[in-house]
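Chains as they are written, first to last, in my numbering: chain A, 1 to 287; chain B, 1 to 287.
Careful: at least some of the hints might be erroneous.
Identical copies look the same in the list; a pair holds intra-copy or inter-copy alike.
[As the list claims (entries may be wrong)] Cross-link-like lysine to any residue pairs, in silico, SDA-like; alpha carbons within 20 Å at most: (1) K216 x R96; (2) K250 x F127; (3) K231 x A76; (4) K250 x G267.
Derived by calculation from the structure, the hints in this document are not laboratory data.
Number of protein chains: 2
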Amino acid sequence: MKPGGDAAAGPAGPLALIAGGGDYPPALARIVTRRGSGIFIAAIEGVADPQAYGDAPLTVYRLGQLGSLIDDLRRAGIADLVMLGALPRPSFGSLRPELATLRYMPYFAKAFRGGDDHLLSGVVRFFEQQGFQVHGPADIAPELAMPAGPLGRHRVTPAQREVIARGFSLIEALSPFDVGQAAILADHRIVAIEAAEGTDAMIARVGDLVQRRRLKLSDGDGILVKAPKAKQDLRVDMPAIGQQTLRNVKAAGLAGIAVRAGQVLVGDRAVLGRLADELGLFVEGIA
Amino acid sequence: MKPGGDAAAGPAGPLALIAGGGDYPPALARIVTRRGSGIFIAAIEGVADPQAYGDAPLTVYRLGQLGSLIDDLRRAGIADLVMLGALPRPSFGSLRPELATLRYMPYFAKAFRGGDDHLLSGVVRFFEQQGFQVHGPADIAPELAMPAGPLGRHRVTPAQREVIARGFSLIEALSPFDVGQAAILADHRIVAIEAAEGTDAMIARVGDLVQRRRLKLSDGDGILVKAPKAKQDLRVDMPAIGQQTLRNVKAAGLAGIAVRAGQVLVGDRAVLGRLADELGLFVEGIA
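Looking at chain A on its own, in the form it has when it is part of the complex:
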């Protein structure tokens, strides 16, 4: 926490948003702008959609232009930043670093080895060493994260709550291995664990098992659980669910989604709650 800063209100000075793909970065930009705080939007080329930011001033950077970005932030007197949005896992060779970036490369060469946690925590450490304060998106805009309790009108039953607790325990047990931020429980067992394939592919796989009758779901059965790993750095690597997650869960025949309250991004809560009701799913944040 920066002295004088306030978690919910963000930093006192202007904030830099390093924006990847998806709806969350523009949503965060709108929230900060609505507050009247200054924001410097650094849109990453190829993933961030500049159109999504309306009239907000915005600069596009390639990943290889890290050096220019840092120079620009310093010139603008910006000390606080938040990184948000989908980022392709780049190959080290594809970065095409500009001259101003080259001096930082030996640092990243190391970070590129190891799991995602390793890479991302390397990025945070790097910015901190350059004198920046890295904030989490939920610190800047708590309204983007899942609250405790249900979105929409469906609530988990006590029996479902037991299954969910087992799912969270599983995710915790996987934490030391830097893997598994989501799992699906059904038919009194764990039927899928997420690794490199991603949450959507995992959901589709379970839907396929159901369709081929290798997995039988009774009423209210089939739960996606999602939570950060024990040591996951929520400043740069917050798990997220969105409208597509709900649609996929419905298509697979599952009953609902349980996530760790405050630790998973959901974007617009009202939109997601309406969609949950429409699809007949529960979507609940567990404290």
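Once you have looked at the hints, place chain B on chain A.
For chain B alone, kept in the frame of chain A given last:
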């Protein structure tokens, strides 16, 4: 262990083989017959192939004919049995129990809830309560299990051995959750964990990630690890690899397979070793 019995030689009296699908049950039957020991083959309808047993006497049973099977075993004076081979996970309703089986059904209604471990250990307990001694296939025929060291000429490197140790640790950490007897490690991380989809589907998924360039494998990278869960009952639920596993691993672009020595069925070691050499894979048992 039965008094007077010897692990490697099997029981003193005749042995009943409750045979599911695949090559292992006929292989075990041949080994026992070659020893000159008596064997009673109970082939499960729909999964066991009666042709695979040559001239050996054999009776076919539906799963719902458990009562008849037990009566037949008692009449034949058989006290020892081994269960081996692929079995579909039946729905409780599809059993169509005959009259002689009905009296056992309340017992199994309970066992059908919970994970695979729960169901299988229920089956073992059931036979034990009926007075039978349940043997593991590797106790009866140790030659069916993976030995320590490589099959074929490729050996794991020290670097690969470290990755493999991490994979075994993962499987151990998942044990309390009754899930995950296999995983794939690549690119300095865990890229897939097996749950309800089975080993082959997990391998195919990683092959797909490689093909879509979401996962990059360098030379010697990509290892399937397979081992029983910590409390897995090796008498009825031994993990297995076979020729198809090797072919799938090759097709996915992986470097090899590491399994717990003595705890994973491999069938014919010589055949598998030749195939490993032909495909350029390592297949190694780790003590």
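Tell me, please, which holds for K231 and A76 at an alpha-carbon limit of 20 Å: within, between, both or neither?
Neither way: K231 and A76 sit 33 Å apart in one copy and 60 Å across, limit 20 Å.
As a check of your reading, is K216 near R96 (CA-CA no more than 20 Å) within one copy, between copies, both or neither?
between (49 Å within a copy, 18 Å between copies)
Within, between, both or neither: how does the pair K250, F127 come out at a Cα-Cα threshold of 20 Å?
neither (40 Å within a copy, 41 Å between copies)
Identical-chain pair category, K250 with G267, by Cα at 20 Å
Within one copy only: 19 Å inside a chain, 42 Å across chains, cut-off 20 Å.
Checked against the numbered hints above, the structure violates hints 2 and 3; every other hint is satisfied.
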